[in-house]
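**Q** The listed protein sequences correspond, in order, to chains A and B.
Everything in the first sequence is counted per the numbering used here, starting at 1 for the first residue and increasing by one.
Everything in the second sequence is counted per the numbering used here, starting at 1001 for the first residue and increasing by one.
In case anyone wonders, no lab produced these hints; they're calculated from the structure.
For glycine and all other residues, C-beta sits at the position ideal for the given N, C-alpha and C.
One or more of the hints may lead you astray.
What the hints assert, rightly or not - DSSO-like mimics (lysine-lysine), calculated; alpha carbons at most 30 Å apart, straight line:
hint	chain 1	residue 1	chain 2	residue 2
1	B	LYS1168	A	LYS169
2	A	LYS145	B	LYS1034
3	B	LYS1168	A	LYS179
4	A	LYS169	B	LYS1215
Said to hold, decoys possible - Computed far set for chain B versus chain A, every beta-carbon distance over 12 Å:
hint	residue
5	ALA1199
6	ASP1213
7	ARG1241
8	LEU1259
Claimed, not checked - A few chain B residues that face chain A, going by a derived Cβ cut-off under 7 Å, partial list only:
hint	residue
9	SER1090
10	LYS1091
11	ILE1092
12	HIS1156
13	LEU1173
14	THR1175
15	PRO1214
16	VAL1217
17	GLY1237
18	TRP1238
19	LYS1239
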Amino acid sequence: MKILNIGMNHKTAPVEIRERLASKEVLEDLVKIESIKEAMYVLTCNRVEAIVITENEEETKKAIISFLCRLGDISKEKILNFIYVYRDLDAVKHVFKVASSLDSMVIGEPQILGQIKDSYRQAVEKRTTGPVINALMHRTFHVAKKVRTETGICESAVSVSYAAVELAKKIFETLSDKKVLLVGAGEMSELTARHLVSQGAKEVLVANRTFEKAIELASRFNSYAISFDEIPIYLEEVDIVITSTASPSYIITKDMLKGIERKRRNRPLFFIDIAVPRDVDPDVNSLDNIYLYDIDDLKGVVQANLEQRKKEAKKAERIIEEEVIKFGKWLKQLDIVPTIISLKNKAYSIVEKEMRRSQSKLKDLSPEQKKAISILCKSIAEKLINDPIIFLKSKAGRPSLNTYLDFTKKLFKLDEQQGEEYNEDTRHKFNNR
Amino acid sequence: MLGHILFKIAIFCYILASASLIVYIIKQENRLFKTGILSLISAFFFHTIFLMYGYYILGTAPVLDFRSALSFFSWSIMLVYFFIYLRFKSKILGAFVAPFCSFLMISSSFFPMSKAPVKPIFKTVWLTIHVLTTFLGNALFAIAFIASILYLLQDHYIKHKKLSFLYKRLPSLTTLDNINHYALVYGFPFLSAGIITGAIYAQIAFGRYWQWDPKEVWSLITWLLYAALIHERIAVGWKGRKAAIMSVICFLVLGFSFLGTSLWIKGYHNLKNLGTIGS
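The shape of chain B in the complex, shown without the other chains:
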C-alpha cells in the first residue's frame, strides 16, 4: 500500500516536471525550469524511496517483473540525467528526458504486479549488481540516444538554414556530440560489467556462465555494436552525424533486446517466466 502511494506521487512529479520543462522550451522562463528540475528531484526522491521499500519487502532488487523493470529503467535514466546535467548544464535536455521517463512510468503502471513469491535464487547481491550495472549502462545509452536525435535535428536545421524555434533552443552541435560521447564512454563499462556480473550470477544460480538464452545473445549483439561505435569514435575519430546515426541504431537494437526478450521471445530472462524459474 505504501509502495503504491509512493509510486503514484513519483508519477505525479514526473508528469509535473515534464509539463514545466516542455513549457520552459516554449517560454524560456527560468522559473519554469526551476519548477521542472525541482519536480524531477522530488520524483527521483520518491521513486528512490519506493525502490528501497520494494527492496525491503522483496529482499532483493525489485526488478522481477516487467512493471518494475520499466520503473527501474526510468529511475536509472534520472540518476544518469542528473550527472549529465551537472556536467553539461544543458537546460533543454530535461525537456526530452522527463517526458521519456514519464512515459516509462505510465507504461509501467499498466502492467500487472507480479504476485509470485520471490524464489531464494533471486535473493543474492549478484542479481542486484547485475541489474544495477546493466540498467545504468542502458540509461546512459538512452541519454546518448536522446542527445543523438537532438544532434541530428540541429544538424538538419543548420544545414538547411531553418534557423527557427528549436534551433535557437537546442545546444550547439559540439555540445550535443560531447553529451553523446560522454554517455557512450561511461555507458559501455556499465553494460560490460552488467554482462559479466550476470554471467557470475548465472554460474552461482544455475551452474552455467552462459547458456545462449535470447536475451544473452541480443545483449552480446548490442555490446558488440556499442564496442564498434566506441572504437570508431576513439580510434578513428568518428564524430557528428555518422556517430549520432550509429548511436540511434545501437539504442534501437538495445531497446529491442530489452523489450523483445522481456516480453515476446521465450527464454529464462523473459520477465513473464521469471516466476517459473527454479520451480
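So here's chain A without its partners, still in its complex pose:
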C-alpha cells in the first residue's frame, strides 16, 4: 500500500497551467486508472492535487502524469517542470501541511481546510475513497484543528483593512453602535468600511469633493453624504474616520480637533488615513484619546503579523512532524490488520464449533457454569494466538513482513478470502458506481 500525492501549487506552476487542470469531473476519470485503489482530487485557486492509494507506485505515477497531460493538453516534458510528487509519509506530511495552511500563499489563511473538506466530501460521494484515505483525511482535519488552536498561525490580521478593524476593536472593544466617516471615495477605504460594518458598525457617513460620488457611495451603505465643510461638525459625533482623498494637503488638522474632546466627552476617536499623501496631520496622534494610523503604520502592522505567522509556522511544523510519525505507525499496522483479523476469527470459530459439539455433555451445567466454560475456552484461544500477533506487529513496516504474513497464513491455514477483504471491498466500490 502506497500513498501518492501528485500535484502543483502557486509556487511550482503559474496559473495558466493550473487552470487547465481545473475541471470538476476529473475524479471520475482519474479512478479509471486500474492501479488506483482510492483517490481524491483537491482543487483550489492555488493548487491542484491528486491523492491516491496504490499498490504499484511507479506505474500509477506514470499513469497519473499522462492523465494530467491529456487533461490539460500539456506535453509530458513540460508538465514535469511544474509538478511535485510525494510518496508515503512525505505525502502524508504534505497533506497535513496543506490543510494546516502552511503551504498557502498567505500562511494561516483559513479557507484551505474547508476546500479540502469539500474535495473529500466529493470523493466520498463518488465512492472513490477507502479506509486509507478516510483515515488520512480524518487525521488531517484533526491536525489542522490542532495547529490552529495550539499555534498563533491564524492570529492577527494580514491585510491592511483587517489590521484596521483589529485596531478599532482594541480601542472600542465592540464596534456595534459605532459611527464611521469615510472621507474620499476609494476602493481600499470602502473595503475597510465594509469590514467595520460586518463587525457591527452602525452607520457609515460619506464626505467627498464631488458630492454626487459621495451620495452614490453613501447609498451603498444605506446612509447619507455630507459636504466637505461639515466634516469638523461631524468629527464631534463619529468614532472612526477613514480618509483616502487625493488632496495634496492635510484635510484634518490638529487645530480642527482642539477642544473637540470636551464636546465628545472624551470618547476615543480613531483615524485611519490610507491616503498618499496623507490627509490627517500626524500631530493629531499626540492628542489625548485620539489615535491615528496611516497607511505605512498599517502596512507595518501587517508585515509584523506576517513575520509572527512565519514564526508560528515553525511550531506548526513540529506538531505536524509528530502527527506524521503517529500516522506512519498506523499505516504500518495496516498491512497486518487483515491477517490478525482472520487469525482471531479462526480462533473464535474453533471455540464456537467445539462448544457446540460438547453441548449435549454439558447440558446438566447451570447457565453460570456454561458461561464460565465458554469464557475459559475463549481466553485459552486468545492466549494461544496472542504471541504470534505481537510478533507480527513487531515486524510491521519491515521488508521481511510479507514473508512472515505468508508464513502465518500457511501455519494457521487462514482463509485467504478474509485476508483479501479490504482489497476486494474497495475495488467493489469502484465497480458499483
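Place chain B on chain A using the hints.
**A** Then chain B, alone, in the frame of chain A:
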C-alpha cells in the same frame, strides 16, 4: 496553630495562582488560566476560613495589627476581583491582581503577630462594619488602580504603534476604562460608608465623632480626591487617559494614607499603637 496552617495554605494557593496566571499571559493556554482561577478560589476559601477563625478567637474583626490588615486587604481585593471577573470576563486582570495579593500576603507574614489582649472597645459590630466597608472600598480602588495602569500601557502601545506582546493580550481601551469606572463608582460608596461608620464607632468608643487624627485627615483627603474624580467622570465626561492618570494618583494617596498612618505617623489609628488605646 490552626490559624497558622490556614494562612500558610492560603499563601501557597496565592503563589500558585500568580504563577499559573503569569504563565497564562505568556502561553495563552486555557488550562493554565483554569489552574490559576481554581487556585485563586482555593486561596480565597482558606483565607476566608482563616479570617473566620481569627474572628472567633479574637471576638472581633481580625484587623488589629498591621499583619492582619495587609492580609485582610488582600482578601478584600480577591472578593472584589471575583465580582469584576464575573462582570467583565477579563482573563488577564487576574495575572496582575494575584501577584499583588501574593505580595500583600507575603509582606503580611513578615510582620509580627500582635500578642496584646483584645480591649473590650474593639468588640463591637461597628468596628467590623467600619473595617469591612473601608477595605472593600480600598480594594475596589486597588482594582481601579491596576486597570488604570493597564489602560495607560495599552494607550501607550496603540499610540506609539508598538503592537507586540502585551498589546495583543491586554483588553481593549474601552474595557479597561469601563473596569476603572465600575470599580470607582462602586468603591466610593464603600469608602464613604467606611468613614461614616468609623465616626459612629469613634463616638461610641471615645465619645467623639471626629478628632483630626492623621489617618482621619488623610482619609478625608483621599475621599475628596476620589469625589472629584468621580464628579469629573460622571458630570464632565472624563474618560480614558486623564481619568486613568487621576485614578493612579488617587490610589497612591490612598496607599500613603493607609501605610503612612498605620506605620509611621503617630495617631490613635496607628496599628502599632492599637494595643495601648484605652489603657
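**Q** Decide, hint by hint, whether the structure agrees.
**A** Status of the hints after comparison with the structure:
1. LYS1168(B) / LYS169(A): holds, 11 Å
2. LYS145(A) / LYS1034(B): This hinted pair holds, its Cα atoms lying about 21 Å apart.
3. LYS1168(B) / LYS179(A): Cα-Cα ~24 Å, so holds.
4. LYS169(A) / LYS1215(B): violated, 43 Å
5. ALA1199: holds, 35 Å
6. ASP1213: holds, 38 Å
7. ARG1241: Not fine: 5 Å to the nearest Cβ puts ARG1241(B) too close to chain A.
8. LEU1259: At roughly 31 Å from the nearest Cβ of chain A, LEU1259(B) sits farther out than 12 Å, so the non-interface label holds.
9. SER1090: The hint is violated - SER1090(B) has no Cβ within 7 Å of chain A, the shortest such distance being about 11 Å.
10. LYS1091: violated, 14 Å
11. ILE1092: Result: violated, 13 Å to nearest chain A Cβ.
12. HIS1156: With a closest approach of 11 Å, the HIS1156(B) hint is violated.
13. LEU1173: This interface hint holds because 5 Å falls under the 7 Å limit.
14. THR1175: holds, 5 Å
15. PRO1214: violated, 35 Å
16. VAL1217: violated, 32 Å
17. GLY1237: At about 3 Å, which falls below the 7 Å cut-off, the nearest Cβ of chain A leaves the hint on GLY1237(B) intact, so it holds.
18. TRP1238: Check passed: Cβ of TRP1238(B) comes within 6 Å of chain A, closer than 7 Å.
19. LYS1239: holds, 4 Å
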